[in-house]
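J.: One letter stands for each residue in the lines below.
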Amino acid sequence: MQLSGRGIRCVRGGREIFAGLDFEAASGEALAVVGRNGSGKTSLLRLIAGLLVPAGGAIELAGGDGELTLPEQCHYLGHRDALKPALSVQENLTFWADFLGGERGDANLSLSTVGLDHATHLPAAFLSAGQRRRLSLARLLTIRRPVWLLDEPTTALDTAGQDMFCGLMRDHLARGGLIIAATHAPLGIDARELRIGRPA
Amino acid sequence: MTALGALIRRDVRIALRVGGGALIGVLFFLTVVVLMPFAVGPDLNLLSRLGPAILWLGALLASLLTLDRLFMADHDDGSLDLITMSRTPLELACAAKALAHWLAAGLPLIVATPVLGLLLNLDMVATGAVALTLLAGTPALTFTGMIGAALAVTLHRGGLLMAVLVLPLSIPVLIFGVAASNAVIVGPTPFGAPFSILCALSLVSFVIGPLAAAASLRHGLD
Amino acid sequence: MSLIDLANPSRFLALTARVLPWLAAATVILLALGLYQASLAPDDYQQGATVKIMFIHVPNAWLSMLVWGVMSVASLGTLVWRHPLADVAAKAAAPIGASFTFLALLTGSLWGRPMWGTYWEWDARLTSVLILFLMYLGLMALWRAVEDPSRAARAAAVLTLVGAINLPIIKFSVDWWNTLHQPASVMRMGGSTLDKSFLIPLLVMATAFTLLFLTLHLAAMRNEILRRRVRSLQMMQASRIAFSSEAGTGSRDGSASREIGAT
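Residue numbers (this note's numbering), protein chains in the order written: chain Z, 1 to 200; chain R, 201 to 422; chain G, 423 to 685.
Read the hints as simulated data drawn from the structure, not as lab findings.
Among the hints, a few may not be true.
[Claimed, not checked] So, partial list: chain Z residues that the calculated Cβ filter (under 8 Å) puts toward chain R:
(1) L51
(2) P54
(3) Y76
(4) R80
(5) L87
(6) F95
(7) W96
(8) D98
(9) L100
(10) G101
[Said to hold, decoys possible] Some but not every residue of chain Z turned toward chain G, in silico, with C-beta under 8 Å:
(11) Q90
(12) L122
(13) A125
(14) F126
(15) A129
[What the hints assert, rightly or not] Output of the computed footprint for chain G on chain R, the stretches with three or more beta carbons under 8 Å from beta carbons of chain G:
(16) 253 to 265
(17) 308 to 321
Ideal Cβ positions, reconstructed from N, Cα and C, are used throughout, including at glycine.
This is chain Z alone, in the form it adopts within the complex (with noise of 0.2 Å):
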């Protein structure tokens, strides 16, 4: 499998954030988008993951589901956790495992390597942003999607919630996932460095 982005550009209200930009990823690599603020990391991350429109260029997957297009084998983790507080733990990530679709592993099984399995019932009104963050993770070990689209994703995770995380991607890249990755810390993984922008 093989994601590839031939001559990207990016325009955001009607200002370029980058133009001409290649990339490649294979399965079982990752790839940390380095660059300042501003540099447009979200945005690619979101071109991949079909939730903007590029202006220019083409983003291809290679080798994956034919029937499937390429954000329907992505899992975009964003700022934003897509949680409802109303709902429990364990009904916020059996209703995103039921309507994502397609492979699914155990939810429980899911909820315990994250460290949430004695929550479940609890409202997710009731977790702190690193818990909320921990059962977003919960979600992408729960549907087997290919490619993990990860947006500054050790944000709210304590060291040893980074750790866990670190473990969940090596055993992702390892099963030939694919990860993409826009951070300003160290992933924690073995990544190939994709800067955009220029220099900071």
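Knowing the structure of chain Z, use the given hints to seat chains R and G on it.
T.: Just chains R and G now, kept in the frame of chain Z:
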């Protein structure tokens, strides 16, 4: 289908729990209807003549004012991004969300109609007619209003702007809904014709609403 | 026992557990007595037996206003004295007040059916009660809309007090709007026009309903205190689990953390 079922179940559940606003719509409906006699006077004959119009206006405002958060809440917490990236076409997801909204906020209005009919001195037949026309017409209001809710996300503005955008679109529903109710109560026009048109309006909105809302959401992504 | 002693929820729970059975028993006895006396009361020469609806209707209507008064005092307790049980009292009273108001409306409309020929007339008194009912529902919606009870408490307290000031104004406006209402008959200047055979059962019923309110209110306050305890226990559970699991993951991924330390 499990995906759409899960979406409907989730939205109804959130609407009925603490913090959800499903029943506030009914309360709003009740308040609007109770206000009317203070404006037009307590004359029961006059009220029973205006009854269908008052109930329809109340239901129209109640179902539209609860709509503006339909997509906004999902947009604010990032759920809308994931819904867009799912294997379910965005049009169907929009339709499922509108259906869930109608179940949680529209259906209670129809259940409340007989009580309000009592306040407006409508007899059994008239109340039944209004409830039936609301049952046929409120889905059209929800599915048309959904377009406004989607535009509200695109424009980052909700509330009154949405009402201004959507209220003109709901005029046909109002015309034929009140016409069908009045046909039963005072005659002499037949009930069938306006009621069929009302049902047709609902069916058309089932198609146009989700398509327009999904198109608007896609263009509003950022 | 002063109000300060009651500020401790545990002591409140212990005290009410002792008091509640006696209150409930007194309510049942008085209700039975009142209903018995009401059944003995003579029929009205105009209204016949339907006049007996009054024995249910009037106490409910009285209580619909009394409960708002209780909530107003509790709201002052929240805003001015900051009594810890004040917002519990206010929150617990709202649904009970709404129920009494609803019963007053229901019995009023059943009473109105033989008198007016319709279930509903925009009579000034009934209309005021209907508005009071709407305000109760609004207040309950406010309590429900905010998940954290301590945040909802202040908003609800302000709304309750504004309502307490506005209710007489609303009542006056509605009276003015509909001048066709009957003059109030029980609490009128120059003594009651009601016959003793009606008045005594009515007062017994009113006392019984007040006791019923007290019983229900204390029980509802207990429930509310326990509900808040469950909530804070759940919040404690949410944070406790995170702590222990972090310890667990920390040891499990000890190798990972060493690698990060190296980079």
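J.: Hint by hint, say whether it matches the structure.
T.: So, going through the hints one by one against the coordinates:
Here the hint on Z:L51 is kept, as its CB sits about 5 Å from the closest CB of chain R, short of 8 Å. Here the hint on Z:P54 is broken, as its CB sits about 12 Å from the closest CB of chain R, past 8 Å. For Z:Y76, the shortest C-beta to C-beta distance to chain R is roughly 6 Å, which falls under 8 Å, so the interface hint holds. Because the smallest distance between the Cβ of Z:R80 and any Cβ of chain R comes to about 3 Å, under 8 Å, the interface hint for this residue holds.
For Z:L87, the interface hint holds, since its Cβ comes within 8 Å of a Cβ in chain R; the closest pair sits about 7 Å apart. With 8 Å as the threshold, the beta carbon of Z:F95 comes within range of chain R, its nearest partner Cβ sitting at about 5 Å, so the hint holds. Below 8 Å, beta-carbon pairs count as interface contacts, and Z:W96 has one with chain R at about 7 Å; its hint therefore holds. The beta carbon of Z:D98 comes within 4 Å of a beta carbon in chain R, closer than 8 Å, and the hint placing it at the interface holds.
Contact between Z:L100 and chain R, as hinted, is supported at the beta carbon level, the nearest pair being about 5 Å apart and thus within 8 Å. Below 8 Å, beta-carbon pairs count as interface contacts, and Z:G101 has one with chain R at about 5 Å; its hint therefore holds. About 13 Å separates the beta-carbon of Z:Q90 from the nearest beta-carbon of chain G, more than 8 Å, and the hint is not met. Of the supplied interface hints, the one on Z:L122 holds, with its beta-carbon coming within about 5 Å of a beta-carbon of chain G, less than 8 Å.
Interface hint status for Z:A125: upheld, as the beta-carbon distance to the closest one in chain G is roughly 6 Å, under 8 Å. The beta carbon of Z:F126 comes within 4 Å of a beta carbon in chain G, closer than 8 Å, and the hint placing it at the interface holds. The beta carbon of Z:A129 is not positioned within 8 Å of any beta carbon in chain G (closest approach about 11 Å), and the interface hint is therefore violated. With a threshold of 8 Å between beta carbons, the proposed coverage of the region 253 to 265 of chain R by chain G is violated, since 0 of its residues qualify and at least three are required.
Closer than 8 Å: that is the beta-carbon criterion, and the region 308 to 321 of chain R has 3 residues meeting it against chain G, so the requirement of 3 holds.
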